[in-house]
Amino acid sequence: MKKFLPLALLLSLVVSLTACTKKETSNIKELHLTISAKVKGMDPIYANDVYSSNEVARVYEGLLEYHYLKRPYTLVPNLAEAMPIVSADGLTYTFKLRKGVMFHNDAAFDNGKGRELTAEDFVYSIKRLADPKLQALGWWLLDGKVKGLNEWRAKFADLTKVDYTEEVEGIKALDRYTIQFQLAKPFPQFLYSLAMPFTFAVAKEVVTKYGKEFINHPVGTGPFILPVFKQSNKITYTKNPAFRKKLYPSDASAEFKHLLKDAGKPLPFVDKVVVDILVESQPRWLNFQKGRIDYIVIPKDNFDSAVIPGKGITDELAKKGISLLVTPSLDVTYTAYNHDRELFRNLKLRQAMSAAYDPAQSNTLFYNNNALPAQSVVPPGIAGNISGYKNPFHGPNLELAKKLLAEAGYPEGKGLPEITYDCPSSTVSRQIGEFFKKQMAQIGVKVKVINNPWPELQKKIKNRTVMMYGIAWGADYPDAENFLQLLYGPNTSPGANGSGYNNEEFNALYKTAAVMQDSPQRTALYEKMNRIVAEQVPWVFGVHRQSFVLQHSWLKNYISADFNAGQAQYLNIDLTKKKDMTSKL
Amino acid sequence: MNLWVYTFRRLLYVIPVLLGVCLIIYLLFNVVAGDPTHILLGKHATAKQMAELRHELGLDRHWFMQYLDLVKSAFTFDFGRSWSTKQLISSMISEGAIPSLTLTVPGFFISTICAVSLSLLVSFYRGGLFDKFTILICISLMSIPSLAYILFGQYFFAYKLGMFEISGYDFGFPHFIPYIQLPVLIWITLTIGPDLRFYRTVVLDEVYQDYVRTARAKGLGEKLILFKHVLKNAMIPIVTYVVIQIPFLILGALLIESFFGIPGLGGITLNAINSSDFPVIRAMTILSAVAYIIFGVITDILYTVVDPRVRLN
Amino acid sequence: MENVQSNSFATTEIKELKSKSLWRHAFETLLRDKTAVVSLFTVGVYALIALLTAFGFLAADWAAEVGPSYQSPSTEFLFGTDIFGRSVVAKTLKGTQVAMSIGLSTAVLSAVIGVFLGSIAGYYGGKIDEIIVWFYNTFSSIPSIMLLVAITFILGKGLVAVYLALGLTSWVGLCRLIRGEVIRHKDREYVHAASAIGGGDFRKLFKHILPNVLHIVIINFSLQFQVAIKAEVILSYLGLGVQGQPSWGTMIDDAKLELARGVWWQLGAATFAMFGVVLTLNLLGDALRDALDPKLKGK
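Heads up: the protein sequence lines correspond to chains A, B and C, in order.
First residue of the first sequence? That's 540 in my numbering, and the numbers climb one at a time after it.
First residue of the second sequence? That's 2 in my numbering, and the numbers climb one at a time after it.
First residue of the third sequence? That's 9 in my numbering, and the numbers climb one at a time after it.
Hint data in this document are derived by calculation from the structure and do not stem from the laboratory.
Incorrect hints may have been included.
Said to hold, decoys possible - Label pairs and their computed distance ranges (CB to CB):
| no. | chain 1 | residue 1 | chain 2 | residue 2 | range |
| --- | --- | --- | --- | --- | --- |
| 1 | B | Leu225 | C | Trp31 | 39 to 47 angstroms |
| 2 | A | Thr1121 | B | Phe174 | 22 to 30 angstroms |
| 3 | A | Ile852 | B | Glu57 | 44 to 52 angstroms |
| 4 | A | Asn566 | B | Asp171 | 48 to 56 angstroms |
| 5 | C | Val168 | B | Leu20 | 25 to 33 angstroms |
| 6 | B | Phe174 | C | Trp142 | 41 to 49 angstroms |
| 7 | B | Gln246 | C | Gly270 | 35 to 43 angstroms |
Even glycine gets a Cβ: it sits at the ideal position worked out from N, Cα and C.
The whole structure should be built from the sequences, with the hints applied where relevant.
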C-alpha cells in the first residue's frame, strides 16, 4: 500500500494547515472597509462611479468639500483657504489656496520629495478633465460652462498633441496661490463640481512620468498614501505623515452633535485603511459579522436579504454591539417609459400603470419599509421637493387604474401588446422586475422581464430599443437640477434623459431655472416642474431609498452620506473596545 | 515517421487552428457584440464623444485590419488595455495568474493523486461493494452544482464553524495558505468525482487485457499485476488526461475566486463578463485557446514518444 | 501492448455476427441491472412532473403568494416560502419543467450536430473531413464559458437562448467519437457488401453504419442531459439564465443573498431536486454504457 502514502501525507498536510489560524494582535488603528466592485484605477478624471471616486478621494483633494457634520449639505473650503470671492454677475470665482500643502513623496519629484501645491496645479488638473485625448469621464460636469475651455478642447481634438501651455481664459492662476475661474454662462452648481473628485488636484510631473500608468500611481495631497495601485482585491493605504494640519470640525447640525467628541483633533485618526473588494454579498456579510470589517453598507435594494425583517436589528446582532444606521439618501428609483414609442404617448396608459403599481409593497419587500414612496422626481432633503404632496396617480389604486386603462383604449389590457421591462441582471433587480410584472398583471397588462448586464442595459437605453426599464438615480450633487435634467427634452439619449420625455412647458421652466442662483423663486420653479412630471407620469415613480449601514461598536464618528468622498480621515477606531468585542464575535 | 518531423507537422497544424480561433473570437466579440463607447464613457456620454472614442480605439478601421490585430495579439500577448479598468491587460493577466495558480495547482495535484490512488484501489476490489460505493459517492459529488458547494462551504465551514478564512488573499508564501484552504477543498470536491471515474475506466480497460490474464496465469499476485503492469500501461491515458487539464488551471476558477475574494484570472474574467469588457474577454479567450492548443501538441508528442505507432496515422 | 489490436479484432468479429440481437441483449442487460431500472423510473418521474407542470396540471399557481415572505419549512409550507411568499415546493416543481426541457433540447441539439458532422467527416474523409476536424478543433479550443457568454449576447436572453447556447457548445465530444467510429466501420465487409448491391452513400451511412454507432449517441445523450442541467446554474449566476419563470439555477442564485441570514430552504430544495435527477442520469449513463458498449461486454 505504499502508493497511498503520498495521499495520506497530503491529507495530513491539509489538515495541519487548517489548524494554524491567523492571530490578530495590533496596536495600530486599522480601518477595514469593503466595497462590492472593482476600482477603476486611481485617476480622478475617470472616477465616475461611487467606488472609484471614494478611493480617489483618500489620496487626492479638491478646493472644496462638504462639511462632514452639517445637513443640509454645506460646502466648506478644503484646499482653498476660504470660500471664493464671486463677482456680482456670478461669472467670476476667485479662490485663495492654502499655503504649505505638500504632495506625497514620489520619484516623479526632484529628490523624490513632494513639492508644494500651487494654483497652476489646479489649472493643469482641470485642463486634463477637458483633454480630448484622455476622454475623461467627468467632462460632462464642465462641458460648455467654463469660458474658453470647450474651444481649447475642440482645438486639440484633431491635432496629435495637446498643448497645456496654451491659456484658457476661464481658468487662470493669478499668482502662486490664487486661482480664478470665469464661467461662460451662469452655472449655479459650479461650486459643487469643485467638491467632486473629477476636479481634484494632480501634479503634472507625476502624470508626465507615468503616462498611461498614472492610473496606478496616485500622488495627491490627501490624508492617505497609496504608493502603487494594484488590481488586487485588497487596497491598503497608510496615513500621510506629512499631512497638513487639518482638524476635526467643532460645529455640527443638531442631529450630529453627539459626534463632536473628537472636535479640534488633528486628522486623520487611523494609521491604515484596508479596503477589501468583495463582489459577492455573502462573504461581505459573513466577514462583517466576524468583525473583519468595521461597517457594511447594505445594498439599498437588498435590505430584506441582509437583515431580518422588522424595523430594527436582531438581538443576536445587538448583543455583538452592532448598530444600524438608517439615513435617507438623495435618490429615486423609477420605471421609465420609452417616450419614442407611440404606445407610451398615451397619457392615460401611463397613469393607469402608475396607479396599478404599489410602491408601499415594494418598500416592504425590498427596503424593509424604510424607504419613502416617491411622489415625483425630486427626493426630500433638497429644495424642490414638495413636502406632503400626493401624486394623484400614485398606486395602489386598482379601481382608478382599471378605469384609466379602459379610457386609454385597452379595457382590461385587451389589445395591449406585451410590454418588455429591462433591468440589470443582479438577483435583486430580477426580483424587482418580477414584482413589477405581478403588479401589472392585476390590471391585465402583460409584462416580460428581461435581465441585462449593466453595460448592455445602458446601451439598450441609449439606442432606444427598450420599452420600459427599471433603474435608479443617485444625486451627483445636492441640487434638484441634477434630478430634473433627467426629464429635460434636449437631454434626450444619448444624454441623461433616457426615457426621451419631452414636454414644452417643462423644458421652458428648466431652461429658466438652470441658470438661477439658489433662491425662493428658483425653488418655486423646481416645485412647479416636480408637479408637472407627477401628473404627466413620464416614469412610474418608485421610492426614495434610505441607506442602511451596520457598524461595529468600535467604529467612531461614522455617518452615512450621499457624498462621502474623503470620509475615511474623520473615522476613528476604539482599540480597547475592539479587542473586547472581537473576542465575543 | 521521425519524431522531429511529426513534431514539426503537428506544430504546423497549430497555425490554421489559431487563425480559426481568432476568426471565431473576432466574429463573436467584434462584429456582433461590439460598441464599447457606452461602457467607456458612462452616463453622460454625448454622440460626438462616442464617435471620437470609436476613432481613438480604431473601431472605425477596416474589419480585416482589426482581425489582423487580433491574430497579432495571440503571438505578442499585447492585448491593449481593459475598457472598464483601463489597465494593461497583459499585466492584469500576469498579476492574476499567480493567485489562480496557487488555488488550482494544489487542488489539481491533490485531486489527481487521490483519484489515481483510489482508482487502483477500487479496481482491486472491482465489482465489490467498496467499488460500487465509491462510484456512488463520486457520482453524488458530481450531482451537486458548484455554486451550492461554495455557498454552503463558506457559510458553514468558514463562518459557522470558523475552520477557515471567510475570504481574502495575501500575496507571497506562506501568507496565502490560510486563504486557499477552503477554496482548494471545494476544488477537490468538484474535480475528484469525474477524475476518479475516468481513471477507474482507464485502469479497468487495462485489467481486462490479455497480458494481465497471462500474468495471472503465470501466478503473479493481483497487487503486483495492478501496480507494476496495469499502472504502467494505464499511465499513457492518465498522463494525457492530466496534461490536457493544465490549460484550465491557468484560467482559474470563476465562481470560487469571486466568492472567496481571490484576485485571480477567474475573477478577472467574471468581472469582464459582467461589465462587457470585451478586450479582456477576448484576451482571456485567446490565452486559454493558445494554452489549450499548446498542451494539445504536448500531449500528442508525449503520446508518440510512449507509443510510436500513433505517428503512423 | 501488442495484445491491444488483436484483441479488439477478435471481439468485433463476433459482435457483427450477433448484431441483430445486440439491442435485445442490451435491453435485457439493462433490465437485469437494478440501479438502471430505478434510475429509469426516477427519470420517468421527473419527466412526468415536467409534463404535468408544462400542461398546467401541477404547480400552475407557483406565482401565487401563499404566505409571508421567507417562512421556514413547516407542515404548512413544506419547503418554506421565498422573498415574495411563494411556495418553494411549487417553484421547485415548476423548475423541473425548465430543467428537463433544457436537458432534452441540449442533448438533442448536440446529438444532431455531433452525429451529422461526425458521420459526414468520417464517411467522406478527404477535404470535408479536414474542414470539419479543423472546425471542431478550433471550436473546442475556446473555453465553453466564453462561447456561452458570446452566444447569449447574440441571441439575447430567455429560454430559447439557453437551449441554443448549451446545445451549440456541447457537440464536439460526440462528433469526435462518431467520426472515429464511422471511419472504423466504413471499410468493414458489410458496408462493402452494401455498396456491391448498389446502396448510395446516404443509404450506407444511415442504414448500415449509423445503427452500429447508435449506442455512443445514447450514452452521450444521457450525459449531455445532466451536464446541461448543471450548466444552467452557472448561466443563472451570470445573469444569462432563464427569465420570468422559476428555475433551479435562479433559485440557487437567490441563495447567495439569502443563505447568510439563514434562509437555506430555497438552496436546499433546488439542490436536492437537481441532485436527484443528475445522479440518476449519471447512473443511467453508466448502466447504458455497460449494456451497450460491446467493448465492455463480458466484464
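Status of the hints after comparison with the structure:
1. B:Leu225 to C:Trp31: 39 to 47 angstroms: Since the Cβ atoms of B:Leu225 and C:Trp31 sit about 40 angstroms apart, the hinted range of 39 to 47 angstroms holds.
2. A:Thr1121 to B:Phe174: 22 to 30 angstroms: holds (27 angstroms)
3. A:Ile852 to B:Glu57: 44 to 52 angstroms: Once the Cβ atoms are compared, 50 angstroms apart, the range 44 to 52 angstroms for B:Glu57 and A:Ile852 holds.
4. A:Asn566 to B:Asp171: 48 to 56 angstroms: violated (20 angstroms)
5. C:Val168 to B:Leu20: 25 to 33 angstroms: With Cβ atoms ~31 angstroms apart, the hint holds.
6. B:Phe174 to C:Trp142: 41 to 49 angstroms: About 43 angstroms separates the Cβ atoms of B:Phe174 and C:Trp142, which means 41 to 49 angstroms holds.
7. B:Gln246 to C:Gly270: 35 to 43 angstroms: holds (37 angstroms)
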